[in-house]
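Engineer: Working from the sequences, and respecting the hints, build out all of it.
Protein chains in written order, with the working numbering: chain A, 584 to 933; chain B, 584 to 933; chain C, 584 to 933.
It cannot be assumed that every hint is accurate.
[Stated by the list, open to error] Output of the computed footprint for chain C on chain A, the stretches with three or more beta carbons under 8 Å from beta carbons of chain C: (1) 600-607; (2) 700-714; (3) 778-786; (4) 852-866; (5) 918-928.
[What the hints assert, rightly or not] EDC-like, lysine to aspartate or glutamate: derived pairs with alpha carbons at most 16 Å apart: (6) A:928 - B:605; (7) A:917 - C:921; (8) B:663 - B:605; (9) A:680 - C:733; (10) C:919 - C:902; (11) B:919 - A:921; (12) C:928 - B:924.
FYI, nobody ran anything at the bench for these hints, they're computed from the structure. Note that the coordinates shown come from a computational prediction; the quantities given were computed from them, not determined experimentally. Note that CB positions come from ideal geometry on N, CA and C, so glycine has one too.
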Amino acid sequence: MTIQEIREYLGRFFDAVELVGDADRPITAPAKIEAAQQGEVSFIANEKYIRFLATTQASLVIVHRSVCVDEFLQTTSFLKVGDPYSAFVFLLQKFAKPRTIAKKGIAASAVIGEGVSIGEGVSIGEFVVIGDRCSIGRNSVIGPHTVLLDDVTLGEDVTLFARVTLYDGSRLGNRVVIHSGSVIGADGFGFAPQRDGSYVKIPQMGIVEIGDDVEIGANATIDRATMGSTVIGRGAKIDNLVQVAHNCRIGEDTVIAAQAGISGSVTIGRQCMVGGQAGFAGHLELADRIQVAAQAGISKSFLQPGIALRGYPAQPMRDQLKHEAMLRNLGAMKAKLDLLEATLKERHAE
Amino acid sequence: MTIQEIREYLGRFFDAVELVGDADRPITAPAKIEAAQQGEVSFIANEKYIRFLATTQASLVIVHRSVCVDEFLQTTSFLKVGDPYSAFVFLLQKFAKPRTIAKKGIAASAVIGEGVSIGEGVSIGEFVVIGDRCSIGRNSVIGPHTVLLDDVTLGEDVTLFARVTLYDGSRLGNRVVIHSGSVIGADGFGFAPQRDGSYVKIPQMGIVEIGDDVEIGANATIDRATMGSTVIGRGAKIDNLVQVAHNCRIGEDTVIAAQAGISGSVTIGRQCMVGGQAGFAGHLELADRIQVAAQAGISKSFLQPGIALRGYPAQPMRDQLKHEAMLRNLGAMKAKLDLLEATLKERHAE
Amino acid sequence: MTIQEIREYLGRFFDAVELVGDADRPITAPAKIEAAQQGEVSFIANEKYIRFLATTQASLVIVHRSVCVDEFLQTTSFLKVGDPYSAFVFLLQKFAKPRTIAKKGIAASAVIGEGVSIGEGVSIGEFVVIGDRCSIGRNSVIGPHTVLLDDVTLGEDVTLFARVTLYDGSRLGNRVVIHSGSVIGADGFGFAPQRDGSYVKIPQMGIVEIGDDVEIGANATIDRATMGSTVIGRGAKIDNLVQVAHNCRIGEDTVIAAQAGISGSVTIGRQCMVGGQAGFAGHLELADRIQVAAQAGISKSFLQPGIALRGYPAQPMRDQLKHEAMLRNLGAMKAKLDLLEATLKERHAE
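Structural biologist: Following this line, the structure appears as structure tokens:
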């Protein structure tokens, strides 16, 4: 791809892509600015990386239109745009090699149940097991060793990597991506305590529903509802090793980072961001666009949209930062207290 | 099933099941009170849900015998019991559809090692691998893609979902249930530091023993002992993504919620409850019936049965709540301190 | 093995192994001191276990050369060494039974892609799937159900247990061990926010590189880099359920305990120790030999080698312990403050 071709490609998504330098040079790969070699394209979205312009070997760098690049033109060309980060992301998609998760068609070793409906263009990998009455939408790809129990429905263009388990009744929308090792629809953790201290299992009769454009990382677990559905809203992104318990509802375009844990019957609004290792007590609700800091412990509902939460138990960011500042100040408080005490004693002795 | 049949079924487990309303209506499914439709059964165990009686479409609702239902009898019938929650749980079991994890018999694709003993009525799914000298008790079900290394013993009526790994020597009791992706008996994390900063692996020669009626969630890990056994006591329930390290002993009927982590050589008593994301330092002991709050960090042994623990480092609930109240009160302390200082200065100036 | 043979074996690794007692007794197994039976060997490395010498049934006990054993010689023999713990670890390796993860050769059910290079002495288990252009070094063992996508390279003597996934392009050194359920090279969690609140996936085009002698536990996840490599340094040990995000660099001989989470682009130095459930914010750096306490939250870089960190947000151990002591002392501060206030009021009233 030449620099000119890159400019044209980006021009389809972004206004006013300005070229400074040589249009004809061939570009073979993207790279980080500090590691880029000749023939590679990189980007600068953060001012503190501008210093790398003096030393980078990159043949092309995407920068903000305000960056002055004149002194570097001998070795490097530039595309100036309004949002260099997004431009580079779109460019990465252009360079991404197609990855083979499963070859086209149905592997001879796959075991397909009765009454299964398989759309056009589907790829089903080695040793895949598909239960009875499942439905696989067009162009979906199912990686090797993935298991679908009975009555699972996949939309179109779904990608399941190797070794995913979908329990019976799971329903996935279009363009859902699930990485290796994740388990969707296992029984919720519900046991009724008996008088003798033992437990009786509460049958988990619901399912999991996953909306369009959801991506789920590796080794995550999303439990089925006791009754009804655990719901992952359209566009939500869920990272590795996240736990979503039974009956939760995760809002559209909400992002949950690695190892966060959402207890049963929690409702999280749209466009929220949950940090890594954050934990939620059960049966609570978060409004839209709430940001939860990493390792926070959410112990009650927060119904005001757009706030940020932090700490254990979590509270709104401003209160928590004030609290943390006061904690850091404890030594000074103690010193002042001791001084007052000494002053009082002294005066008393006078 | 008619309401009368439900009444008779519950009468086998509970005393004094009183019917108010129509005995003959057919009931087809259970549902949550706020979502139930005609022909469905629901329950109310918590007073705050009683308001839903005015609007529910349920044909049958199980309530506490103290609830006055007269005004709702036109559309809804009632079963009055002493414990509506438990009654509903037993009823759920009645409605639960049998789920096919693996078809009866041994799948043609399964690979069975030498000297394996398989009881009557066992189901072994597609692509299951069973090592040499394993023993599978009667009526056990092994889901597709599950792997048993050598010398594994399963009791009767065991259920292993798809994609479970049992390392060599693991011993499971009767009626054990393990969900997809869990790994039982992997090597404990034991390495002996060398003078040059590197590590020599400590062979992990023990096994994992799991008692009767244990249920383990999805993607959990329970490591084998260095010598002897890591033990999960009868009736214990372990949630998704929980880590139990080598040489631990988990007491009977103890419940451990998702993402909790139990370090090596920890002993937890019977009927304890461990909250989600709680962590335990190694080599410590908890007495029976102790409750550990979510995200708590247990850094020492607690030998008094029945207490509740919370915080980091965790302490008994009363102490911790007092501590947290004092933390919340820090602002008031600071204000008082500043006032005292000002008062003293003022008086000095007088 | 006789006691004399054990003495000779240990003499190959340790100086001055002194035998006290009977050299000819046969020893059949290692055991913990409190559980050891006749014919078994145990060890004491910690003074508080010396009391067990009076009651142990062990035929041989390895002790520090300073321990006086004369009164126990009737039933037990002793090997005295400078480091009984390390001596016992080496002895465990001698007793460890060889474990069959996969039988020699290539299982008939395995599916091998095109252009795959397989070294001498390799074992490939049942239902293994190996993508195109992979390379498997000599004597490596690949457990059943393990999946390698395209272009994966394994060194020599690698051990992959059952049900491991290596995504395309992963590169493993020699003697790497990976336990069941772990996923290496899944996509990093990178999504570019759009104006409408939705996300565009950032293609994750890098790989994972794992150095020689690394061991990774069960159900861990190590994500591929966005560009370039996520790197696990030679000799590092990573426990169960650990998350290592995209673009991280973990130093040589660094140990990371269970359920710890390392966010994207973190660099950790050599010979660090990270406690269980500890969490790292993204884009930060830790120097060599730093110790991170369990459940700590690392929110910034620490560049001084050898320090210990603890708390949330984490700070150097001494500061944090001082801080925690002050927190424990809050009640006393409050009491003193109230007393001062009362004293002042009283004097004012005088």
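Engineer: For each hint, tell me whether it holds in the structure or not.
Structural biologist: Verification of the supplied hints:
Chain C is given as covering the stretch 600-607 of chain A, and this is violated because 0 residues of the stretch bring a CB closer than 8 Å to a CB of that chain, at least three being needed. Only when three residues or more bring their CB closer than 8 Å to a CB of chain C does the claim for the stretch 700-714 of chain A stand; here the count is 3, and the claim holds. Using a Cβ-Cβ cut-off of 8 Å, 0 residues of the stretch 778-786 of chain A lie near chain C, which falls short of the minimum of three, so the contact claim is violated. Counting residues of the stretch 852-866 of chain A whose beta carbon lies closer than 8 Å to any beta carbon of chain C gives 4, which reaches the threshold of three, so the coverage claim holds.
With 4 residues having a Cβ less than 8 Å from any Cβ of chain C, the stretch 918-928 of chain A passes the three-residue criterion, so the hint holds. Between residue 928 (chain A) and residue 605 (chain B) the CA atoms are separated by roughly 82 Å; this puts the pair beyond 16 Å, and the hint is violated. For a cut-off of 16 Å, the pair hint linking residue 917 (chain A) to residue 921 (chain C) stands: about 13 Å separates their Cα positions. Between residue 663 (chain B) and residue 605 (chain B), the direct Cα distance comes to roughly 13 Å. Compliance with the 16 Å bound is thereby established for this hinted pair.
Restraint check: the Cα-Cα separation between residue 680 (chain A) and residue 733 (chain C) comes to about 12 Å, which is no more than 16 Å; the hinted pair holds. Annotation: proposed proximity of residue 919 (chain C) to residue 902 (chain C) is violated, straight-line Cα distance about 24 Å (limit 16 Å). Taking the CA atoms of residue 919 (chain B) and residue 921 (chain A), the gap is near 14 Å; set against the 16 Å cutoff, the hint holds. At most 16 Å may separate the alpha-carbon atoms for a hinted pair to count; residue 928 (chain C) and residue 924 (chain B) meet this at roughly 13 Å.
The structure fails hints 1, 3, 6 and 10 (numbered hints given earlier, in ascending order).
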